[in-house]
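Engineer: Sequence:
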Amino acid sequence: MRIAEVKPMKDGTLWVVADDGCSGIFDVRPYLSSQAFLPLKDWSQFSQVRNGGYYVEWKCGADLSSDTIEARWTAHAPMAPQQTASADGLTPAEP
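If you use my numbering, the sequence shown corresponds to residues 22 to 116, in order.
These aren't lab readings, by the way, just hints derived from the structure by calculation. Watch out, some of these pointers could steer you wrong.
Straight-line alpha carbon distances no greater than 25 Å define the calculated DSS-like cross-link-like pairs of lysine-lysine that follow [stated by the list, open to error]:
{"no.": "1", "residue 1": "K62", "residue 2": "K31"}
{"no.": "2", "residue 1": "K80", "residue 2": "K31"}
{"no.": "3", "residue 1": "K80", "residue 2": "K28"}
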């Protein structure tokens, strides 16, 4: 899986969108007891996640591969064109 988009969420999860349109939530909280992930308990650090395509990483050196994310996320199927939101997120997009 190649990661198209990643968005940090205040609850310690990542909203991830794959290049095939699938999306899901990956829970980072179980990793936060690991030495490499400890700095991510601070929102200012966690929120600076960077998308590397086949991984996500943070300035502290913590990273997660797309394979790990795909294996452990709560996935959502790709949405049909008529179900996607418009760019402004307020009205349905035109098919």
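Engineer: Hints first: check each against the structure and report whether it holds.
Structural biologist: Hint by hint, here is what the structure shows:
Of the pairs offered as hints, the one joining K62 and K31 holds, with about 10 Å between alpha carbons and a cut-off of 25 Å not exceeded. Of the pairs offered as hints, the one joining K80 and K31 holds, with about 18 Å between alpha carbons and a cut-off of 25 Å not exceeded. A threshold of 25 Å between alpha carbons decides the hint, and for K80 with K28 the separation of about 16 Å falls inside it, so the pair holds.
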